[in-house]
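Required output: the full structure, derived from the provided sequences and hints.
In the order they appear, the protein sequences are chains P and Y.
Residue numbering for the first sequence follows the numbering used here, beginning at 1 and increasing consecutively.
Residue numbering for the second sequence follows the numbering used here, beginning at 1 and increasing consecutively.
Treat the hints as calculated values from the structure; they're not laboratory data.
Check the hints yourself; a few may be wrong.
Counterexamples of contact, computed for chain P against chain Y with all Cβ distances above 10 Å [stated by the list, open to error]:
#: 1; residue: I50
#: 2; residue: V105
#: 3; residue: Q158
#: 4; residue: A201
#: 5; residue: N293
#: 6; residue: R319
#: 7; residue: T362
#: 8; residue: S458
#: 9; residue: K498
#: 10; residue: R503
#: 11; residue: R507
#: 12; residue: A511
#: 13; residue: K610
The following label-pair restraints were derived from C-beta to C-beta distances [what the hints assert, rightly or not]:
#: 14; chain 1: P; residue 1: Q265; chain 2: Y; residue 2: E122; range: 32 to 38 Å
#: 15; chain 1: Y; residue 1: V101; chain 2: P; residue 2: G524; range: 28 to 34 Å
#: 16; chain 1: P; residue 1: V170; chain 2: Y; residue 2: R77; range: 43 to 49 Å
#: 17; chain 1: P; residue 1: A579; chain 2: Y; residue 2: G307; range: 45 to 51 Å
#: 18; chain 1: P; residue 1: R520; chain 2: Y; residue 2: P237; range: 54 to 60 Å
Only a predicted model underlies this, so the values are computations on that prediction, with no experimental measurement involved.
The beta carbon of each residue, even a glycine, is placed where N, CA and C say it ideally should be.
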Amino acid sequence: MKGIEGLKAWQAAIQEQRDPDATWIAVCAGTGCLSQGAADLAAALREALIRHSLEGKVEVKETGCRGFCEQGPLIVIHPEGIFYPQLKAADAERIVSETILRKQVIEDLLYQDPVTGRRHIHEGDIPFYQKQMRLVCRLNGVIDPTHIGDYIVHGGYQAAAKALFEMEPVQIVEEIKRSGLRGRGGGGFPAGVKWESCRNAHGEPKYVICNADAGDPGAFMDRSLLEGNPHSIIEGMIIGAYAIGSHEGYVYVRNEYPLAVRNLQTAIERAEAHNLLGDNILESGFDFHLKINRGGGAFVCGESTALMASIEGRVGEPRAKYVHTVESGLWNKPTNLNNVETWANVPLVIEHGADWFSAIGTETSKGTKVFSLVGHVNNTGLVEVPMGITLREVMFDIGGGVRGGRHFKAVQTGGPSGGTIIVDTTGAARPAEDRDEHERGPALVPESLIDLPVDFESLTEAGSMMGSGGMIVMDETTCMVDVARYFLNFLTEESCGKCTPCREGIRNMLAILERICDGRGQEGDIDLLQEMSDTVADTSLCALGGTAPNPVLSTIRYFRPEYEAHIRDRRCPAGVCTALIEYSINATKCTGCHACFKACPTDAISGEVKAAHVISTAKCVKCGSCLDVCKFDAVVKQ
Amino acid sequence: MPTLTIDGQTVEVEEGKTILEAAEQLGIEIPTLCHHPLLEAYGACRICTVEMQRGKRVRMVTACNHPAQEGIEVQTRSPRVLRHRRMIVELELGRCADLPVLRKLADDLGIDRSRFGTGEHECILCGLCVRTCWELVGARAISFANRGTDREVTTPYHEFSDACIGCGACVAICPTGVLKMEDIKGRKVIHSELTLGPQRAIRIPFMQAVPNAPFIDPDECAHFTTGECKVCAKVCPRDAVDHQMEDQFEEIEVGTILVATGHDVIDCSEMLRYGYGLYDNVITGLEFEKLSHATSPTGGKILMSNGEPPKSVAILHCIGSRDENYKEYCSRVCCMYSLKFAHLVREKTGAEVYELYIDMRSAGKGYEEFYKRNLEEDVVFIRGKGSEITTWPEAPGEEGKLVVKCEDTLLGTVRRLPVDMVILSPALQARADAAKVAQTFGLGCSRDGFFLEQHPKLGPVQTASDGIFIAGTCQGPKDIPDSVAQGAAAAANILSLVDRGSVVIEPITSVVEETTCGGCRLCISVCPYDAARFDEEKKVSVVDEAVCKGCGTCVAVCPSGAAQQRFFADTEIMAEIDGLLAEIGDRHQFPA
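Written out as structure tokens, the structure reads:
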């Protein structure tokens, strides 16, 4: 196969074989859906098709993640685009017999909007997808990641061919620079500028690396992209390597992402078999070899210098970056490292041009950003939105608002170390009368914080950051001290332990937070936390330590009264910190149904049937079982 | 040459220097914990953090690894720097409360106690040991394991690492004293800091060595084991260290040779009943000598392996000497040095000393007097050879002791002596390679392997080969005065030869008649003096007349009669016989 013509001929040949009107079923086989039984569902569908003698006529395709993980396992029936969420293997027979054979939509299997109660037939009609702009993820959920033909038929590798045959390396760097594409790994450094520095750096060979370590709790963007569309990352890396003058690349991916590793491995093998990787790609004379390097699951190995140390076979710990990695990176050679999403954006920029790309987004932040929207939100999943969309739109329009009719409290972006919490202390998202007294406090954030546009600058100005794309929504049942404690606990374990402020600082900050949550907080603890945060942030070696105090600082900044309640009143306003809460039974509401009596694992509840029950605080272990079973709101937690 | 400002002072530094080095140039001290000039900057302790301004941007950077760039302004003691420095030291103190190195830093910064607990860790995780092992030594035997608060320095899987070459560099560089050396590479260790045997790869062979210059022992040197290190070359101000230097073999033509190759000491570990190598505090006389020397690691103190001085010491004579299972001869020196040890132990520790002897042999000037002095110093002399050392107690007072069993031949009883330390006096024996040396120099060996002198009374330093002399213990066990006397005698003999410039050789030597020699080389194989050699060109044997002693062995074996002895040619002998017989014939008439 030679050049762009060869590629297009291949694409045409595949298209010819495929009937555009043929019915086929896309079963989401992302890790989320697989864990909920997508593999069984696909098998059941195939069996049902055989029963109805439709095998070979209707194809069942296991695709990458469609993003709406909340509703898994889910399928889309093409060409009509009928969307069925939350299926079981038992539903397969009905789907084949009714929808496939008789073209009837099964009403009760359709997606029902939890807010409006309306049912939607097509994916595009669902609010979750309506405000999204799926560019990077456009083929996730459409193609089978293990079939290179699926990618080719959608114009795959044509951007790489265009770069190799029609553009000079300098031109590519210029195009990326002009597009305004910024690193999606967290820092937001302009990709084109990085490429240019690496291209101009002295030293051979040069390396390109794809950072697929993505270890933030609650973030799975990079993993889903690798699982669902590995070829787009390979294509981006080919373009980058050509522009920089590199012939060797590494994908550093966590070993805990077995599907991502497997799909990527398959993709590399297929690409090599079709002369899209290796020596003399598409007979252009350009060589590029790509290797997978599996990481051992250390969060710190997402840091570029630690990642490179890990590839070299050394202990994964960062070093000072006073000499940049573009000049002296992997094996002290010029190295260009970008994250998965950045690489996946590259073919789009080359294919459609810098002008097209820079038209999306805001003045300084171009293109789209993939977020993993998790936490107390109705629609959790993977969302891709244009830069500049507001937090309100992401959380309330796409996310469908806070789950269970509770009140929104805060949102955390940027992962545990990069992360900061953007808080709705003003209650802009809900009526004023709903607000608790402790939350009213001084308005430290602007009224419009909830309407903050999602772009690099705005988030940084608000004391947060883009990060790699985790977005955790928290409702009123979240204790902010506990949140800070959770993240610091994670960071204590994940700090590499090399430098003192990070290793000892975070550990001791965690100890202070633990004693606050335990009701042993002392006057002055908040000041001490701030004092320590100052040093940890200022003197740590890498970004993990440098940003580790953020969860503490931001929660103190926006929720100081909650800290004070823990320390002074020995009270956890959100009712999370078990040492600070007590369960009791409201005698006027209690009907004496005896449900709590049966549920209590420690026999702490006493009382006769049809008489008010009592909880013995001495025996109570605060498990909350009574609260869960009480149908009369008689159990009180405070 | 970048110019920068540190604490208001301007300094110009070489390209590639760090802020720390620039500050040093100005005499400004920046505290560090994880930094060492021989190692690559690591930036882990963060104590050297300083405030750096470039243009309008102010950043906190670590002085140890940030390049000294043109135009930067550095503050090493600004309020912000000091605030962070105090916090970092306080955090470290919370981990390791009692480390002197941290305590000093804390005192300098006015920190009384840490708000973060009184941690009992000893290691500050500065990584100096790990980096020394990797960067300098190149053995890569130790590394960091685990993450975060579990981080520690260890060998893979906490097991003894074959990669460790036992160089001790990690121990030497550790600022806390946490790392300790244990038994290393099978070498005998009697005190945790005292390894008996070669300790340093670079050393002066012995005191008063000529030339008095250090040398590198390639068997011990990390560079010759791993190919890395070369720290000595880096620190030598005179560039005198050369790792390329190789042993050279030189051929020197000489007229005379003095063989003084000394002796070996019998290996006590073969005699299992004495428990040498098994019990820590059973040592040999030489080891005791090293221990009690003023330059020993204990500074000459006599200590046991646990660092305590012994309360009782037994000195066992004749270990392997006067023993038909090992050496039948008397080693001559042991009685007197054992008396010296007894005297030293009494003097330095006051411990009870037992001397276990077969016979006290103190023949020599002043020796008997020294023996008497020991008697007066309350050294206990027991006439009887120590037969066994055990740690198995049979009576109260023997627990935890070394029990020496012996027969007291004066009392006629078997005794058990519980002691803390035992010094063995091993037999002197001929060197292992004595036979090879003897062959090279044409020397003879006595039955016990020592070199044979020409005549026990008239030629004690001469040998059967002219011009080759022997002196010292290679000839047989003897003490230092005897060795010195022998050496001097040999030297005088040699000088008389050198002075004369020529040697008088025996008139009676062998010659090989070229015309009749068949080249069988039998003569070469039998010549005891290596005097015969083969002439490859002429294919005949040739006798070196300067070496030939005229013994006639070659003449006797020569099948062709080519080897003839001067003045004793066959014809001459026959003529002599004929002459003798003629005389007899005149007197007695034999029937024809």
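Query raised in the report: Which numbered hints does this structure break?
Result: 6, 9, 10, 11, 12 and 14
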